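Participant: Throw the hints in and build the complete structure from the sequences for me.
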Amino acid sequence: MAIIGNIIKGVINLKDVITPEPNPFEEQNDVLLQLLKKAKHTAFGKHYNFQKIIDSDTPQKTFASTVPYHDYNKMKEEWWHKLLDGEKDITWPDNPNYFALSSGTTGKESKRIPVTNDMISAIRQAGIDQVFALSNFDLPADFFEKEIMMLGSSTDLDEKESHQEGEISGISASNIPSWFRSYYKPGEDIAKIDDWDSRVKRIAKNAKNWDIGALSGIPSWIELMLEEVIAYHNVKHIHEVWPNLQVYTSGGVAFGPYEKSFKALLGKPVTVIDTYLASEGFIAFQQRPETSAMKLVTNNGIYFEFVPFKPEYINTDGSIKNDAPCLTLGEVETEQDYVLIISTVSGAWRYLIGDTIAFTDIERAEIVITGRTKFFLNTVGSQLSVNKMDDAVQFLEEELNTKISEYTLCAKRYDDDFYHSWYLGSTISDANEKQIADLLDTYLSSANKNYKVARSKALKGVKVKVVAPEIFYDWSGANKKKGGQVKMERVMNEDKFKEWETFVDNY
Numbered sequence: 248m249a250i251i252g253n254i255i256k257g258v259i260n261l262k263d264v265i266t267p268e269p270n271p272f273e274e275q276n277d278v279l280l281q282l283l284k285k286a287k288h289t290a291f292g293k294h295y296n297f298q299k300i301i302d303s304d305t306p307q308k309t310f311a312s313t314v315p316y317h318d319y320n321k322m323k324e325e326w327w328h329k330l331l332d333g334e335k336d337i338t339w340p341d342n343p344n345y346f347a348l349s350s351g352t353t354g355k356e357s358k359r360i361p362v363t364n365d366m367i368s369a370i371r372q373a374g375i376d377q378v379f380a381l382s383n384f385d386l387p388a389d390f391f392e393k394e395i396m397m398l399g400s401s402t403d404l405d406e407k408e409s410h411q412e413g414e415i416s417g418i419s420a421s422n423i424p425s426w427f428r429s430y431y432k433p434g435e436d437i438a439k440i441d442d443w444d445s446r447v448k449r450i451a452k453n454a455k456n457w458d459i460g461a462l463s464g465i466p467s468w469i470e471l472m473l474e475e476v477i478a479y480h481n482v483k484h485i486h487e488v489w490p491n492l493q494v495y496t497s498g499g500v501a502f503g504p505y506e507k508s509f510k511a512l513l514g515k516p517v518t519v520i521d522t523y524l525a526s527e528g529f530i531a532f533q534q535r536p537e538t539s540a541m542k543l544v545t546n547n548g549i550y551f552e553f554v555p556f557k558p559e560y561i562n563t564d565g566s567i568k569n570d571a572p573c574l575t576l577g578e579v580e581t582e583q584d585y586v587l588i589i590s591t592v593s594g595a596w597r598y599l600i601g602d603t604i605a606f607t608d609i610e611r612a613e614i615v616i617t618g619r620t621k622f623f624l625n626t627v628g629s630q631l632s633v634n635k636m637d638d639a640v641q642f643l644e645e646e647l648n649t650k651i652s653e654y655t656l657c658a659k660r661y662d663d664d665f666y667h668s669w670y671l672g673s674t675i676s677d678a679n680e681k682q683i684a685d686l687l688d689t690y691l692s693s694a695n696k697n698y699k700v701a702r703s704k705a706l707k708g709v710k711v712k713v714v715a716p717e718i719f720y721d722w723s724g725a726n727k728k729k730g731g732q733v734k735m736e737r738v739m740n741e742d743k744f745k746e747w748e749t750f751v752d753n754y
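Numbering-wise (this note's numbering), the sequence shown opens with residue 248 and increments by one.
One or more of the hints may lead you astray.
Below are the BS3-like pairs computed for lysine-lysine, each with C-alpha atoms no more than 30 Å apart in a straight line [what the hints assert, rightly or not]:
#1 Lys358 x Lys335
#2 Lys321 x Lys407
#3 Lys745 x Lys734
#4 Lys455 x Lys510
#5 Lys483 x Lys507
#6 Lys329 x Lys284
#7 Lys507 x Lys448
#8 Lys452 x Lys734
Since the hints were made in silico from the structure, they are not lab data.
These figures come from a predicted structure and were not determined experimentally.
Facilitator: The structure is reproduced here in structure tokens:
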């Protein structure tokens with residue numbers, strides 16, 4: 248009998264009963280004022296007169312009209328570079344103990360995003376709130392006694408003079424509460440291994456020593472880890488190694504494109520729960536099984552704003568135009584893509600995180616991630632966002648009865664004509680690339696009116712190449728690093744695409 252599990256489940260269920268229904272709109276008002284009050288004596292707070300915003304009758308509107316939008320480059324060049332020089336009280340009180348390294352999905356130079364102690368506390372609290380939300384998923388009591396495999400980046404952080412650096416998953420894992428350490432796998436020693444391949448080999452070797460009930464990590468790297476464990480133990484699926492695996496907490500990217508290949512590694516169904524943890528903070532998590540949408544963390548360290556994701560508001564590099572309108576949580580609508588803007592307890596202010604989201608339930612503040620501002624393919628007016636590309640790939644999987652684990656594309660010029668040039672990562676044998684291109688073209692024309700219009704004008708068609716999935720993973724390894732927070736770029740510009748095609752040709 249799962250005595251401890253029953254106790255934990257009972258506590259979780261009791262909290263769910265006695266906790267009043269949250270009001271995300273009021274929570275966001277409170278969070279903004281908390282942020283402003285704590286940062287009003289920083290250099291940033293003085294520069295933009297936070298006290299005046301606090302004293303305003305409409306702090307949210309005054310904040311939006313006073314503080315401009317910032318992307319990473321603007322924050323770094325105007326403010327955060329001072330933190331790296333050891334200065335204090337710049338955009339948040341004191342100086343951060345950590346900087347999250349984020350290569351993102353564009354560029355080779357890592358971003359350095361401050362992570363304060365307040366942010367670590369906020370991430371931890373959001374994680375606890377997510378655990379309490381498990382009461383909605385009707386999991387058996389014994390689940391709460393199983394171990395959790397958290398596959399992130401290395402916890403062996405780089406020591407600098409005044410701070411430590413690493414990816415956010417490594418920073419978070421190195422700060423897990425002491426009571427959680429007995430549940431956490433692969434454990435501190437293995438988690439510190441920096442080389443991805445070496446770390447996964449150690450996980451595979453030790454896998455049968457653990458009773459894993461839950462997995463957590465980016466789908467592509469979780470799949471590679473599971474494949475390694477399955478191969479090492481010469482079994483058909485992961486449940487022969489971890490029979491009590493019941494939950495997978497996905498994050499970093501939409502799970503949909505990976506669903507088919509992920510399920511192929513299982514012996515029985517598992518509960519998939521989406522989360523949204525970025526280098527800038529814990530943004531959202533799925534709190535109920537009736538939907539795959541995620542609830543924004545509206546009560547804890549992050550204030551959210553939303554810019555309608557329309558071409559007239561977005562520059563060609565994915566940044567926001569200065570006069571783009573911005574909405575509060577109380578002003579948004581469903582079925583509309585928004586650029587996500589955040590202000591945080593790490594001193595990011597009206598910060599363009601680079602993601603686009605859409606609301607599925609405003610009263611619950613539930614969202615889905617729809618793409619990246621830089622991956623919005625509109626070179627010839629096709630207006631394709633990542634979620635539409637993901638849908639197209641899932642359509643191909645069903646039509647061709649295959650698995651497509653990764654993809655990337657470019658609006659590429661062939662002589663004087665533009666084509667959408669797709670690379671699909673799949674093991675499909677004898678792939679008829681012309682047939683696949685026609686299927687893609689037909690689907691996108693029927694699913695997206697802007698694409699259909701573009702096809703009647705400047706966009707001449709679709710080209711497809713099917714390549715081994717390993718090429719995508721090795722591309723990430725060659726350009727950034729395997730594992731952790733690294734995600735494949737879905738859309739490339741023509742210069743980057745030339746590098747990609749050369750890499751593929753020489754593979």
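Participant: Taking the hints in turn, state whether each one holds.
Facilitator: Evaluated hints:
Straight-line distance between C-alpha atoms of Lys358 and Lys335 comes to about 20 Å, which keeps the hinted pair within the 30 Å bound. Straight-line distance between C-alpha atoms of Lys321 and Lys407 comes to about 23 Å, which keeps the hinted pair within the 30 Å bound. A C-alpha spacing of about 19 Å is found between Lys745 and Lys734, which places the hinted pair at or below 30 Å, so the restraint holds. Between the alpha carbons of Lys455 and Lys510 the distance comes to roughly 20 Å, so the proposed pair stays at or under 30 Å and holds.
Under the criterion of a C-alpha separation no larger than 30 Å, the hint pairing Lys483 with Lys507 is consistent with the structure, at around 16 Å. Between the alpha carbons of Lys329 and Lys284 the distance comes to roughly 22 Å, so the proposed pair stays at or under 30 Å and holds. Of the supplied pair hints, the one linking Lys507 and Lys448 holds, its CA atoms being roughly 24 Å apart against a limit of 30 Å. A distance of roughly 26 Å separates the Cα atoms of Lys452 and Lys734; the hinted pair therefore holds under the 30 Å criterion.
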